[in-house]
Amino acid sequence: ASMLLVPAGMDVGMFHFHGVSTTGKTLLLMLGASIHGDGSEPGSGGNVNIIRWNTTPNAMERLLADYSSLVACVDELGASNHKQLSSLLYNITSGTAKERLTRGLTADEPFKWRMFILSTGEMSISEKLAEQKAVLQGGQEHRAISMELLPEDAQKPDEPVSETRARADALKTGLGEAYGHAGPAFIGKLLSGNNADGSLRSYAEFSSWLQEQTDACCNALEEALRDEGRDITRVQRRGLRRFALVWLAGEKALDYGLLPFESDAVVESVMSAARRWLDDNHNQYNPLRNMLEELQLTLVTKSSRHFITLREEHARCPGDMWGFVHHKTGDFLIYESVFEKLCSEKGLKTVDVARPLERTGYLLGESAGHYKKRALKTMAQSYYQVTKAFLKCNVMNEF
Numbered sequence: 001a002s003m004l005l006v007p008a009g010m011d012v013g014m015f016h017f018h019g020v021s022t023t024g025k026t027l028l029l030m031l032g033a034s035i036h037g038d039g040s041e042p043g044s045g046g047n048v049n050i051i052r053w054n055t056t057p058n059a060m061e062r063l064l065a066d067y068s069s070l071v072a073c074v075d076e077l078g079a080s081n082h083k084q085l086s087s088l089l090y091n092i093t094s095g096t097a098k099e100r101l102t103r104g105l106t107a108d109e110p111f112k113w114r115m116f117i118l119s120t121g122e123m124s125i126s127e128k129l130a131e132q133k134a135v136l137q138g139g140q141e142h143r144a145i146s147m148e149l150l151p152e153d154a155q156k157p158d159e160p161v162s163e164t165r166a167r168a169d170a171l172k173t174g175l176g177e178a179y180g181h182a183g184p185a186f187i188g189k190l191l192s193g194n195n196a197d198g199s200l201r202s203y204a205e206f207s208s209w210l211q212e213q214t215d216a217c218c219n220a221l222e223e224a225l226r227d228e229g230r231d232i233t234r235v236q237r238r239g240l241r242r243f244a245l246v247w248l249a250g251e252k253a254l255d256y257g258l259l260p261f262e263s264d265a266v267v268e269s270v271m272s273a274a275r276r277w278l279d280d281n282h283n284q285y286n287p288l289r290n291m292l293e294e295l296q297l298t299l300v301t302k303s304s305r306h307f308i309t310l311r312e313e314h315a316r317c318p319g320d321m322w323g324f325v326h327h328k329t330g331d332f333l334i335y336e337s338v339f340e341k342l343c344s345e346k347g348l349k350t351v352d353v354a355r356p357l358e359r360t361g362y363l364l365g366e367s368a369g370h371y372k373k374r375a376l377k378t379m380a381q382s383y384y385q386v387t388k389a390f391l392k393c394n395v396m397n398e399f
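Under UniProt numbering, the first residue of the sequence shown is numbered 1, with each subsequent residue one higher.
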């Protein structure tokens, strides 16, 4: 599927597989690398085609450019020591390196790449970002897709663990001996496809056909997932197009006799992966959750910078005043203008935030359906009353 990104009109995408050790993460990368080249295990010497996350950003850009239109495999996210991982992820999935000057102070041609990136690690991308007190942004959710691998994923039904390990060891050995055939065979078959009149397809015709087929697969995926009770956001829909392209490529590889699987194996595998991605709330972009986590942190650590106690006559107003702390309940009375600004910074409407806060008991409204309260005598404007209990709520689990 990685070879088809350009004619499919899609940008760079990353599939990150995370889980505990011995779940087959590195073997998965070896399988991906073997499609076009040597699939040997990292550290085994020779022409290993697996990159390490602990390489420098400059080297990463050069290596990604080398694998453009093929597939890039990057191992062990946990070993990354990049201080700005969020920025690095953005650069990697942008497909273009930073512009640099030559010694003669002329603009150097930047490295470019377009392919799928397979990544592994014991940590998810969200978990690694959390180490740096960062969160997954909307654009990263569909470009850097995290999926957890479980120990049982590598096992056949009723297969003893010892047999699974033996099969994995045999596969590792084989991937360093026989490799690089499937990719050329696949693209050769695909490009030799004919039009209805028997003529070879032009690039424009091939690209149009590929995009139509990908859209059809994406629609089928979305419909099946919605039928299972899932709500699909616009951002997630963009991520599903990547799964759809993988599904389409897998079905074609089956048709060409390049995959030794049953006819329904590809769609079942893609559906399973998509479900696992969508059902992992910790690895989904959630602007509401991000906004509430930041609000909670500010109320816990910096309330004195933004609030004074209600009816405290001689209190000195802070320069960046958000409102008052209720003198009896300890609730936060946040000015309407401040609440609106906090919401808009995350692309949210106030009702998108106030409604779930009220539903969970962390916001006290004026009346049913009216979340904002009228200004008190000592207040300059209307306000939202966020309860003191909000400080101890588990935002990740409750929203």
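Derived by calculation from the structure, the hints in this document are not laboratory data. Treat the numbers as computed from the prediction; the structure is a model and nothing was measured. Every residue gets a Cβ at the ideal spot worked out from N, C-alpha and C, and that includes glycine. It is possible that part of the hints are untrue.
As a list, the in silico PhoX-like pairs of lysine-lysine whose alpha-carbon atoms are at most 20 angstroms apart [claimed, not checked]: (1) LYS328 to LYS388; (2) LYS133 to LYS156; (3) LYS346 to LYS133; (4) LYS83 to LYS156; (5) LYS328 to LYS377; (6) LYS328 to LYS392; (7) LYS302 to LYS388; (8) LYS328 to LYS133; (9) LYS392 to LYS341; (10) LYS392 to LYS373; (11) LYS392 to LYS302; (12) LYS189 to LYS172; (13) LYS328 to LYS349; (14) LYS112 to LYS189; (15) LYS112 to LYS98; (16) LYS341 to LYS373; (17) LYS328 to LYS373; (18) LYS133 to LYS392; (19) LYS252 to LYS302; (20) LYS372 to LYS349; (21) LYS328 to LYS346.
Label-pair ranges, simulated between beta-carbon atoms [what the hints assert, rightly or not]: (22) ALA178 to ARG355: 53 to 61 angstroms; (23) GLU228 to THR22: 13 to 21 angstroms; (24) GLN137 to SER69: 36 to 44 angstroms; (25) THR22 to ALA196: 36 to 44 angstroms; (26) ARG355 to ASP66: 44 to 52 angstroms; (27) ARG226 to PRO318: 21 to 29 angstroms; (28) GLY78 to ALA368: 43 to 51 angstroms.
Tested hints:
Of the pairs offered as hints, the one joining LYS328 and LYS388 holds, with about 11 angstroms between alpha carbons and a cut-off of 20 angstroms not exceeded. Between the alpha carbons of LYS133 and LYS156 the distance comes to roughly 39 angstroms, so the proposed pair goes past 20 angstroms and is violated. Pair hint LYS346 plus LYS133 holds up; C-alpha atoms about 17 angstroms apart against a cutoff of 20 angstroms. For the hint linking LYS83 to LYS156, the alpha-carbon distance of about 40 angstroms lies beyond 20 angstroms, and the restraint is violated.
The straight-line distance between the Cα atoms of LYS328 and LYS377 is roughly 16 angstroms, inside the 20 angstroms bound, and the hint therefore holds. This hinted pair checks out: LYS328 and LYS392 have alpha carbons roughly 18 angstroms apart, not beyond 20 angstroms. A hinted pair counts as satisfied when its Cα atoms are at most 20 angstroms apart, and LYS302 with LYS388 qualifies at roughly 14 angstroms. The suggested pairing of LYS328 with LYS133 is violated, with an alpha-carbon distance near 33 angstroms, which exceeds 20 angstroms.
Of the pairs offered as hints, the one joining LYS392 and LYS341 is violated, with about 23 angstroms between alpha carbons and a cut-off of 20 angstroms exceeded. For the proposed pair LYS392 and LYS373, the alpha carbon gap of about 23 angstroms is over 20 angstroms, so the pair is violated. Between LYS392 and LYS302, the direct Cα distance comes to roughly 15 angstroms. Compliance with the 20 angstroms bound is thereby established for this hinted pair. Taken as a hint, the LYS189 and LYS172 pair is broken in the structure, with Cα atoms around 27 angstroms apart against an allowance of 20 angstroms.
Among the hinted pairs, LYS328 with LYS349 is inconsistent with the structure: their alpha-carbon atoms are about 30 angstroms apart, more than 20 angstroms. Only pairs whose Cα atoms come within 20 angstroms are accepted, and LYS112 paired with LYS189 is rejected, the gap being roughly 27 angstroms. Distance check on the hinted pair: LYS112 and LYS98 sit about 10 angstroms apart at the alpha-carbon level, within 20 angstroms; holds. For the suggested pair LYS341 and LYS373, the alpha carbons sit about 17 angstroms apart, so the restraint of at most 20 angstroms is met.
Our distance criterion of 20 angstroms between C-alpha atoms is met by LYS328 and LYS373, whose separation comes to about 17 angstroms. Between LYS133 and LYS392 the CA atoms are separated by roughly 19 angstroms; this keeps the pair inside 20 angstroms, and the hint holds. The hinted pair formed by LYS252 and LYS302 fails the criterion: a straight-line CA distance of about 57 angstroms is larger than 20 angstroms. In summary, the hint linking LYS372 to LYS349 is supported, as the alpha carbons are separated by about 13 angstroms, within the 20 angstroms threshold.
Our distance criterion of 20 angstroms between C-alpha atoms is broken by LYS328 and LYS346, whose separation comes to about 31 angstroms. In this structure, ALA178 and ARG355 meet the distance hint of 53 to 61 angstroms, their C-beta atoms being roughly 58 angstroms apart. For the pair GLU228 and THR22, the supplied restraint of 13 to 21 angstroms is violated, since their beta-carbon distance comes to about 30 angstroms. GLN137 and SER69 have their C-beta atoms about 27 angstroms apart, which leaves the hinted 36 to 44 angstroms range violated.
Checking the proposed 36 to 44 angstroms range against THR22 and ALA196 shows it is violated: the Cβ atoms sit about 50 angstroms from each other. In this structure, ARG355 and ASP66 meet the distance hint of 44 to 52 angstroms, their C-beta atoms being roughly 50 angstroms apart. The beta-carbon spacing between ARG226 and PRO318, approximately 48 angstroms, falls outside the hinted interval of 21 to 29 angstroms. In this structure the hint that GLY78 and ALA368 lie 43 to 51 angstroms apart at CB holds, the actual value being about 49 angstroms.
Comparing the model with each numbered hint stated earlier shows that hints 2, 4, 8, 9, 10, 12, 13, 14, 19, 21, 23, 24, 25 and 27 do not hold.
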